[in-house]
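Respectively, the protein sequence lines represent chains A and B.
With our numbering as the guide, the letters of the first sequence map in order to residues 12 to 129.
With our numbering as the guide, the letters of the second sequence map in order to residues 8 to 703.
Heads up, some of the hints might be wrong.
[As the list claims (entries may be wrong)] The following label-pair restraints were derived from C-beta to C-beta distances:
# : chain 1 : residue 1 : chain 2 : residue 2 : range
1 : B       : Val190    : A       : Ile98     : 17 to 23 Å
2 : B       : Pro197    : A       : Ala49     : 31 to 37 Å
3 : B       : Thr216    : A       : Ile98     : 26 to 32 Å
Please keep in mind that the hints were generated in silico from the structure rather than gathered at the bench.
Remember, predicted model here, so these are calculated numbers, not experimental data.
Glycine included, each C-beta is placed from N, C-alpha and C at the ideal position.
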Amino acid sequence: MDEAKLERVTDPQGGETLKVSGGVTICEASDFREALLAALEAAPEVRVDVSGLTGMDLTGLQLLCSAHQSAVRRGKSLHIFDGGNAIFRDTATGAGFQRHTGCPQDRACSCIWVEGER
Amino acid sequence: MIDLHRQAFKEEAYELLSELESSLLELEERPDDQDLIGRVFRAMHTIKGSGSMFGFDDIASFTHEVETVFDMVRNGKLSVTSRLVNLTLAARDQIRAMLDAADSGAATDLQASAGIIVGLRELAGFVGTEGAKEDHHEEAAVPRRDPVTYRIRFAPPRDIFVTGTNPLNLLAEMKELGTCTIVAQTDGFPPLEDMDPEGCYVYWDVILTTDQGENAVRDIFIFVEDDCELKIDVVAEHNRYDEQQDYKKLGEILLERGDITPQEMSTVLSRQKRFGELAVSEGIIPEGKVQSALAEQKHVKEVRQEKQVADASSSIRVPADRLDLLVNLVGEMVTVQARLSQTAALRDDSELVAIAEEVERLTAELRDSALNIRMLPIGSTFSKFKRLVRDLSVELGKQIEMTTEGADTELDKTVIEKLNDPLVHLIRNSIDHGIELPEVREAAGKPARGTVHLAAVHSGDSVLITIADDGAGLDKEAIRTKGIERGIISASAELSEKELFNLIFAPGFSTAKTVSSISGRGVGMDVVKRAIEALRGSIDITSVRGQGTRITVKIPLTLAIIESLLVRIGDDSFMMPLALVDECVELTREDVARSHGRNLARVREHLVPYIPLRQRFAIAGAPPDIEQIVITQVNGVRVGFVVDHVLGEHQTVIKSLGRAYKDTEGISGATILGDGSVALILDIPQLLQAVEMEQN
Chain A
12 MDEAKLERVT DPQGGETLKV SGGVTICEAS DFREALLAAL EAAPEVRVDV
62 SGLTGMDLTG LQLLCSAHQS AVRRGKSLHI FDGGNAIFRD TATGAGFQRH
112 TGCPQDRACS CIWVEGER
Chain B
8 MIDLHRQAFK EEAYELLSEL ESSLLELEER PDDQDLIGRV FRAMHTIKGS
58 GSMFGFDDIA SFTHEVETVF DMVRNGKLSV TSRLVNLTLA ARDQIRAMLD
108 AADSGAATDL QASAGIIVGL RELAGFVGTE GAKEDHHEEA AVPRRDPVTY
158 RIRFAPPRDI FVTGTNPLNL LAEMKELGTC TIVAQTDGFP PLEDMDPEGC
208 YVYWDVILTT DQGENAVRDI FIFVEDDCEL KIDVVAEHNR YDEQQDYKKL
258 GEILLERGDI TPQEMSTVLS RQKRFGELAV SEGIIPEGKV QSALAEQKHV
308 KEVRQEKQVA DASSSIRVPA DRLDLLVNLV GEMVTVQARL SQTAALRDDS
358 ELVAIAEEVE RLTAELRDSA LNIRMLPIGS TFSKFKRLVR DLSVELGKQI
408 EMTTEGADTE LDKTVIEKLN DPLVHLIRNS IDHGIELPEV REAAGKPARG
458 TVHLAAVHSG DSVLITIADD GAGLDKEAIR TKGIERGIIS ASAELSEKEL
508 FNLIFAPGFS TAKTVSSISG RGVGMDVVKR AIEALRGSID ITSVRGQGTR
558 ITVKIPLTLA IIESLLVRIG DDSFMMPLAL VDECVELTRE DVARSHGRNL
608 ARVREHLVPY IPLRQRFAIA GAPPDIEQIV ITQVNGVRVG FVVDHVLGEH
658 QTVIKSLGRA YKDTEGISGA TILGDGSVAL ILDIPQLLQA VEMEQN
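Chain A with its partners taken away, still in its complex shape (with noise of 0.2 Å):
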């Protein structure tokens, strides 16, 4: 697996936008984790690209999910993009993440994992 890379950038309309690229696995997650809190930190909305993504493991997923679980409860938003990127689909259809309808956190309808919003 590719090393992993995490960059913050910050669009000129004031959106953060987490880029993660390489292979996030248990050994990164910490990391993840801290770069999702401070991106949440900074911007009402967030965007997380995972399009150069070669590799994530279920840490990487469950972080996403409660990222986007936190962003809900905090009045926040937390989109995914995934550039149609075939191996973080297949992760997470693999690992049952893939549904029709969000959790019960999720009112808002912008669920990370139902098909079609990302």
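Assemble chain B onto chain A, guided by the hints.
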């Protein structure tokens, strides 16, 4: 009503038994075939189940014993031996006898039943002690037949990642077991800031449909089982009949899983109104509209259910006499249609002609499909013979293998039924007289195991059935001696090979030196020949001494329709089966004068004897100046039949004659012509035989 069910059960059971027989015979050749073992088990299981349902308790309890043994075989605790096959075949015959006896009220041979049961129990008990040592892993290795759907809740411990186990691999392993739906549950997730990035918070609900059994599922979790929460429930077994119903409602599923309590559910449900009620109470639509929509929904559901039932049974059972009635009606329809076409042609009305043509096309299609319904593959008859060959070869101490070809060749049901006895006789002959004992065969440089080959193949509007053996072949000298002895031929007669072989079919001819129980029971080959001829078929025999005999039976596809030649004598019409007709030649007054009353015509320098039908049938009136001789070929002999006029070919739907005319010589049936008049169908071989007998 009960009787009707009992009858249906019996029919089903007979079918299952014949299937069972062929499965068992195959099993003897391939004792490891799990598929066959499964088939035998299922057949027994069904007979037992429906037997007890319809009050055949003796059959049910007897079958249960056999089923038990085959269950052991299925689970790999018992292997298939020839003793097992023998016992099961005997059991199969016993069940059949019980079924037969159920109607007549005759007592079944209880001793035979008991003997078979003791044998089976011995077999099962003998290995039962041995099999007890085997652990349950053996059982898990045998794939189960019916897939089962499991609901698996898998909640790994928080520290599972740290121990080096990746739950994703476990999920992937489950996918390999069968069809599986994985849903990750994320409701236990803490907020991001409280989350241990290296902990596992997620748990899964997996719905898995697999035929591998629960142990295979548990094996996946064998290393984590102690630490994690694992719950495996069976939610559906897919061998049940209620498959077609909708699956459980959402609430039921949640309740079963324990995700919701009954109280919670009823609270939620009481709050919920039906859509229709909601729409009405909101004043969006009037009550009537809702009712109509509900009616539509109900209707579609009912129709769907009906359709599913229809789809589920791809074939239906219909009494044979209903089919006969259908074919009869179609026959009349064909006749009426012919009249319609004729009338239309006479009227010269183009509109009527067009309609008549349309009716003609439809009738032809209707006729073909009606006749097709009665067509059955000959394979079921073939498999019956397999058993016959097996039993006979054991009885006679011969090693015989039966091979078949063209088992899917289709023939009219009645033809197949009537063909059974002649074929049995021919096969018996091949085994008894044809195939030699193993020692004799080996001495002659042939393999000890003899072969009887049974083949069926379509040839035009007929089916050729061949019975070929690689036995001793026919002994021409013995046949000749016997023929002279029996006074069938004169001592000086010069016979061709074919004529010599045909002697076998002469009444009262049997070449076997000793009369065994198998052939030579007084039923000679002449009976076989007569039976085949009654089906408008023919039989032909070729043989090479030391190499074997081949008997070919030619049978028309159906008895309901024949191609025939329509002829007239005076005002009467007659039909001659076209298959027998060779050619037609003219017969003038001069020809008759020249033959000096010997009834011989010269056709291309060959003399052909003829039978003047006008005389034979005593039809009044004078023949025309130029008559026609229809030359037929019967048993390789050319014989002419003199008629007034030959009108042409005709497709004839055969009507059998009433009982009063049953024994009329030379007439095999009748048909109705397009103009409504009746034409008699001539039985050419019988006519010929009658004339020959008169002359002798």
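Name the hints, by number, that the structure is in violation of. Violated hint: only 2; rest satisfied.
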